[in-house]
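Going down the list, the protein sequences come from chains A and B. For the first sequence, our numbering assigns the number 1 to the initial residue and increments by one for each residue that follows. For the second sequence, our numbering assigns the number 1001 to the initial residue and increments by one for each residue that follows.
Some hints could be false.
Derived Cβ-Cβ restraints for the label pairs, each shown as a range [to be verified]:
| # | chain 1 | residue 1 | chain 2 | residue 2 | range |
| --- | --- | --- | --- | --- | --- |
| 1 | B | 1049 | A | 251 | 34 to 44 Å |
| 2 | B | 1112 | A | 389 | 53 to 63 Å |
| 3 | B | 1033 | A | 178 | 41 to 51 Å |
| 4 | A | 388 | B | 1049 | 54 to 64 Å |
| 5 | A | 463 | B | 1126 | 26 to 36 Å |
| 6 | B | 1035 | A | 199 | 46 to 56 Å |
| 7 | B | 1140 | A | 642 | 55 to 65 Å |
| 8 | A | 166 | B | 1049 | 29 to 39 Å |
Over the 10 Å line for every Cβ pair with chain B, so calculated as not near, a few chain A residues [what the hints assert, rightly or not]:
| # | residue |
| --- | --- |
| 9 | 174 |
| 10 | 272 |
| 11 | 529 |
| 12 | 531 |
Simulated from the structure, these hints should not be mistaken for lab results. We treat Cβ as the ideally placed atom computed from N, Cα and C, and that holds for glycine.
Here are the chains, one letter per residue:
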Amino acid sequence: MSRTFRRAAPVLVALAVGLVWVTARLSGQASGMPSTTKGDWTHYTADVRGTKYSPLDQVNAANFNKLEVAWRFKTDNLGTRPEFKLEGTPLAINGVLYVTAGTRRSVVALDGRTGELIWAHSYREGNRAAIAPRQLSGRGVSYWTDGKGDERILYVTTGYRLIALNAKNGAMISSFGENGVVDLKKGAVFGKGQPIDLETGEIGLHATPTVVKDVVIVGSSFKEGMTVLTHNNTKGLVRAFDVKTGKVLWTFQTIPRPGELGNDTWENESWAVNGNTGVWTQITVDEELGLVYLPVETPTSDFYGGHRPGNNLFGESLVCVDLKTGQRKWHFQYIHHGIWDHDNSSAAMLVDINKDGKIIKVVVSPSKQGYVYAFDRVTGQPIWPIVETPMPKSDVPGEKAAATQPIPMDAHGKPFAYVRPFVHVPDDIIDFTPALRAEALENLKRYRHENSPYVPLILGDVNGLLGTINIGNTGGGTNWPGGGLDPETHIFYSQANNSQVTTGSLVEPPPEFKTDIRYVSGVKGREFRVAEGPGFGSAADAPQRGGRTGGAGAAAEGGGRGGRGAEAPAAGGAAPAGAAAGGGRGGFGGPGPQGLSLVKPPYGVVAAVNLDKGELMWQTPHGDTPDNVRNHPLLKGLNIPKTGQGGSVGILVTKTLVIAGDPQVTTTPDHPRGAMMRAYDKQTGKEVGAVWMPAGVSGSPMTYRGPDGRQYIVIAVSGGNYSGEYIAFALPSSEIKTTSPAQELRSSGAGIRD
Amino acid sequence: MYGIIVVMKVHIAALVLIPLATVSVLRSTVHAQPTKSVWDGVYTEEQAKRGSPMYSEFCASCHGPELMGGEMAPPLASGDFLSGWDGLTVGDLFERIRISMPQNAPGTLSGQQNADILAFMFSANKFPAGTTELSNQAMVLKAIKFEAKKPGH
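Make the full structure from the sequences, and use the hints.
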């Protein structure tokens, strides 16, 4: 080797190494950046593409039944009282978990190997939190790093503030926003642009923000839309902020303003007197293409659209916007003029499929209504036809239902459904016995029903028809926990409720319920009931004072509800709300006979859809037969196959398994009172294992590799008598084959990151 | 072995000499488990009557005037409610209500109010009334088993 070369060699080597390092950083796969391929879980949805997928495979079909509880984290004291609705999915970065928990919506960091608390953060907000529309611990946090040691956790508080924390110690980052806080209520408006009141204005969020590159994107959520105080509620919006400074980068208005595309879909200038239309679920991003996918919810009033004639873009649409500018690139409206509460409830998932030999970049939505919507995620072109189909009319005064609704087709020209999109009479009606079926059909005579999705509600009356039969329109289908997909096989998976029968009805509001909307949920002749929302009023700062307000400053109504030790809540009292569905965690309510569901099993399923082929692949009942069915006196002696359970739960997809927990507690010959977390074979849907949990799942499962090399699966459970707890499962060391000295070292617990 | 013989002796003596009610007390001393169930007349009609307007005021707006539940709240009578608490104790149910209900003002009702509302719920579920009121103490209520089905059915 020449002397010149020998001198130059180290420089050349250094340059080469530097280039490799730079390239790796640019592609985001550098050693500094966590990812699921490294055994982390960096987003609520595993990654920013919404897949809920991890390639970990230490836990597989052969050993799933051997999972043990590795540790548990109880959340009772993260707030002023225990929480019974723990819904978070933790993040895992280098063996440390980050998640929200408790009635305070505290943020905690936990040692991933032991569950030990490393730090906890909480933010006191007083009345602003007590009256917030979305309370309790929410869905979790987001993570950002510059890859050089600056690591942050970002989350949205109950009172709708965006806070950034030092991931190492939980301290607020004072250089973010104003002393660590971005007040998200600033910038929220109602009407033609009036700012909402910072304390009493209605807006909040359960979902986590989405962090991508150096940007954090935040959506918006509101109260339930059954008995609204005004149709002129706060307007939904999506904003992107600089992740380090908290400065607003762009705002996307989901209700188009004058001059913007879609403004004319709000006839009679109704854009100016309506709100909601938020993005309350998870936002996903194609990082390479710089495209953001926004799943939009229903406009104000889930069930009456008389104050907003027209298709109401971008309500119940998927909107693709530019990551840098927030400019709309394309959109597709799933439901025109939504009057059934068919919010886009979960993340739009990104996958590259192989359709007839061609690779297509796709975005796919699961839905409450049970259809699969798939588009070229660059152009917005549907992958398979979506056909505008005539729909039944509404006879509610002032209402004009959309004449057609888009129905997605699969590759064979059939509706692309993975659960029941409507109740078919008589085929879907309970038939355990002829007597039960006869009773169900008799009950149905009191309702409007048609063999079609999207049947409009009626003005129900105890002396006439009681309501309209629909299914899945409030609780799903797929609801907020969302679906998952396998990026290698291009299969989309979701748990889905197959039995959430609703009996929607509208009524004139009684004089004591002051609102400007013409109809609210209810039945004439029944006591009127106000529906505020799950968990409402249970935040750490509750009970609330005042604040029964929509954006239009109806705070004048004041008085509030309750007060510590005070007299009874005002008679915003009692009557079945328009959509009687027995709660989102299962339970049948409605027109079913003898306490049983109106519809046949399966009551809930896990479904797999092959996106290369464009067809449903398999569907299997998920969850033990509910005790009420198994022990029902009228069903004695019948051999009823496993029915699955209603309710909505999240799903986890790994290298070899699809994992989901039961939403309901049962006591069966196979297990004591409790719920099972189940693993299914990804290709066949066959259940390959199940482990016992003391309560039903209320969060979505996630997985990570701990510092000891073990694969952990963590899930939130709560409900009934069981207050919120994160439970971690892992294999006992006897089940883990070590293949390298380094792995053995990790398994022995040495070298734990602190 | 020795222990079992002693117990058996006590039982035989009880059957021969002591009325049935006292046998229950003796058995509970030996076994230390929930002694009663919701089917044993664990509340009074008077208490349920007190609880009824309280239920209407604090609970019905979410759980329904007929306890059938609603969009945001599960039913508190029949089917799913009974199986949901089957195998637990009345104390467990009492504590859940005391800590977290009503949803929009959790923890604001007194122990006595909670007991009366529970008595009303029991009457709505057709559990038989008896001569003793439901206690307002969780510890006492822990001794009453919540059973979905009447024993023997």
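Checked hints:
1. B/1049 to A/251: 34 to 44 Å: With a Cβ separation near 57 Å, residue 1049 of chain B and residue 251 of chain A fall outside 34 to 44 Å, so the hint is violated.
2. B/1112 to A/389: 53 to 63 Å: Given range 53 to 63 Å: holds, Cβ gap about 58 Å.
3. B/1033 to A/178: 41 to 51 Å: For residue 1033 of chain B and residue 178 of chain A the Cβ distance comes to about 58 Å; the hint is violated.
4. A/388 to B/1049: 54 to 64 Å: holds (58 Å)
5. A/463 to B/1126: 26 to 36 Å: holds (28 Å)
6. B/1035 to A/199: 46 to 56 Å: Because 52 Å falls inside the window, the suggested range holds.
7. B/1140 to A/642: 55 to 65 Å: violated (39 Å)
8. A/166 to B/1049: 29 to 39 Å: violated (58 Å)
9. 174: holds (34 Å)
10. 272: Answer for residue 272 of chain A: holds, closest chain B Cβ roughly 29 Å.
11. 529: violated (5 Å)
12. 531: Its Cβ does come within 10 Å of chain B, the nearest being 6 Å, so this is violated.
Taken one by one, the earlier hints fail for this structure at numbers 1, 3, 7, 8, 11, 12, listed in ascending order.
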